[in-house]
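Visitor: Chain by chain, the residues run as shown.
There are 2 protein chains.
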Amino acid sequence: MITAIRDAWVITQDPQRRILRGDVVIDGERIVSVGGEYKGSADKEIKASGDVVMPGLINTHTHVAMSVMKGVVDDIPFPEFLDKVFKIDSDRTDKDLDIGTKIGCAEMMRSGTTTFVDLYYSEDVIAKAAMEAGIRGVLCWCVLDEEMTTQKGNPLQNCKRFYDSFKEKRKIMPGVGLQGVYVCGEETCRGAKEFSDEKKIPLTFHLSETRGEVNEHRKKTGKRPAEWLNDVGIFGERSIAAHSAWLTLNEVRAMGRAGMSISTCPTSNMKLATGGVAPIPEFIEYGVNTTIGTDGSTTNNSLDMMAEMKTLGLLQKSSRWDPTVAKAQELLDFATVNAAKAIGMQSSLGSIEAGKYADIVILNGGSPNIRPLLPENMISNIVYSGSSSNVKTVICQGDIVMEDGRINTIDEAEILSRSEEMWRSLCLR
Amino acid sequence: MITAIRDAWVITQDPQRRILRGDVVIDGERIVSVGGEYKGSADKEIKASGDVVMPGLINTHTHVAMSVMKGVVDDIPFPEFLDKVFKIDSDRTDKDLDIGTKIGCAEMMRSGTTTFVDLYYSEDVIAKAAMEAGIRGVLCWCVLDEEMTTQKGNPLQNCKRFYDSFKEKRKIMPGVGLQGVYVCGEETCRGAKEFSDEKKIPLTFHLSETRGEVNEHRKKTGKRPAEWLNDVGIFGERSIAAHSAWLTLNEVRAMGRAGMSISTCPTSNMKLATGGVAPIPEFIEYGVNTTIGTDGSTTNNSLDMMAEMKTLGLLQKSSRWDPTVAKAQELLDFATVNAAKAIGMQSSLGSIEAGKYADIVILNGGSPNIRPLLPENMISNIVYSGSSSNVKTVICQGDIVMEDGRINTIDEAEILSRSEEMWRSLCLR
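Taken in sequence, the protein lines are chains A and B. Be aware that the first sequence starts at 1, since it is given in the numbering used here, and climbs by one per residue. Be aware that the second sequence starts at 1, since it is given in the numbering used here, and climbs by one per residue.
These aren't lab readings, by the way, just hints derived from the structure by calculation. Any given hint could turn out to be false.
[What the hints assert, rightly or not] Each computed DSBU-like pair below joins lysine-lysine, with the alpha-carbon atoms no more than 35 angstroms apart:
1. K327/A / K327/B
2. K84/A / K327/B
3. K47/A / K95/B
Here chain A stands alone, though its shape is the one from the complex (with noise of 0.2 angstroms):
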């Protein structure tokens, strides 16, 4: 099956960074060429004129099947915020876990992303709802102290259970979470670390979100979150570390010496207000690889990444005083080839070149907010006056799960109707 995409621009996300004017052709998952005319017959024709093409969007922190409890939690303070949280996420079913799932990933296809890194518990009954709707799911399964968790089981045995069922769907891949210093203990840590070793799989965790987090591990331990994780033997490549916005320079070096990566949550960490504004600076001064995660619904409470790239220029320029920082280069890069890179497929996704898979997003050329649009300004478009407005047709691993605004692959209206009755019984409480 062919598919060619005719006289785009093509924002190819290539390692020189190209903005051509032509096709795309792909051939069943992978994209086949990129630029000039081709003369090939083709399957499917997108036309696309004019239309912006560029990688899909890739979202490095979340909780997809939070996505049915927008709106429960907004403009309190944060231990209330905490409180009402777990008490709702304790009480949850498969099915409400399924329908906040797709509408979770419904919204992510209508802003971009194509691929998606959760961490929650359940990540069965998600994986079995992000298959239905087409997307990347990198799926990492919440380990914490047996002790401290609502799971039934041990967590790291339902992790390595939910690897063992998960590891060869398409489109899927299982990875492995660990909550938080706050509830894993040096074992729980070891564990999660030596399957994700021994699995070649992401270990994604929460770091460094609020103060309050790195004092109270200090009380307890004498070091701060990032220097005991360091210690315990955490960080390493396949690592990525949300939000991380209370680190010192020594921790940021370590983590760069690592060469993990952290995923940045800019709105999250300000509609919470919780402080800390994590170094983005010197995360690239010092190798730490950044990405961009919206956080869930709870907090953001937005999926849409096409916005949170902007949010972090914005929240970076202003906090540094320097509007150099945080380029609209830089931040497109964050979404898509560093992202790529943490969840270790740098290889096959985050650019539009000849053998990767084709994970693509077609923005409307014909919008205003886009609009003068020419190769000089075109990245600093698609970062700063883009949105998910802008966003067409949707192309993950070669199958078109968005196209013309309408999605293809889940019935949407149907999920939605739903949803009002399970946020009533949710959070109404």
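Could you slot chain B onto chain A? The hints should help.
Guide: This is chain B only, laid out in the frame that chain A set:
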């Protein structure tokens, strides 16, 4: 001509902030009934079952004609930014002002804005373009000292001439602008204020956007800009101060006593890294009427009020380390009822109530990013989860300017097709 919008969720923004379910009926330019089922016949039926009807958003600070200059001055230091923008600004033609305004108006319609306050020169050209686009312009001709301007003739006389020619035009309200204390001496300021008082029209000006502006004015006059403007007599109930990020509490109190309005521009301030954060909780405490502006396309770079409400909330919460400031309902109030008051139209704009102008936005209730959607989470979902992608239909003073994603008033494709050439001739020199 009767138009009936059927079976929607209606965010009325009335004094009780009611959310109703039912019909909204428009007769000509005005709303005649809200909520319940309308039994009469209508010339035009708009099916909106489960959609969200809300007041058209009001952008209280922009330079709409700059929409043709997107992406030319990003990620660079502020002095370099100013040099480049002023250079381009002084070289513009009526033709590119016209195209720029229409692109900006299209972008604003597509993101739910029905009224904008503009500060620029050549407001006559901008007025004609806005009238074609069909949204409401409060167009404040920029007044500054004659020796500081590239305008032909005396700026205040130009402003008066503009007022005389456009004061009776539908959906156009001429106003007075002042560039800022750095190019406006006492006499210029007084002349502008007198004209605003005489005609009872808005007076808007940049105020304390940067620390440099404050320091230089204090060196020159011994007073901070807001102190000085207050002493010169510029503050009053028709005054709208844009930015207003570097203020003392005494200045805020003086602004409150004057009953004036501010237009905070969070994205612009963050992107330019001007450092200051507008003191919104203090504005509220001391009775300064708070509203929101996007600023122009070279600093934001979008004119999207759906995004701007959220960004303001994020900036306020994060900079105050307090998630309870700038609540969702307040943010929506800033962009509707407060903004209507700022332009002196509180009796005819800002809410969905019988007797007011039909300035209405319909959001697609079938969008996953705002679902589940219930009265309990509706305001949160619009402000924190909503985006321009949800905007479906836009009505301004009874005219359906956009319907089901299609702009009815101007030929968008034709206008956009001419924008690249203009960008090249303005920006590539």
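Visitor: All hints are to be evaluated individually against the structure, with a verdict given for each.
Guide: So, going through the hints one by one against the coordinates:
{"no.": "1", "hint": "K327/A / K327/B", "verdict": "holds (30 angstroms)"}
{"no.": "2", "hint": "K84/A / K327/B", "verdict": "holds (18 angstroms)"}
{"no.": "3", "hint": "K47/A / K95/B", "verdict": "holds (31 angstroms)"}
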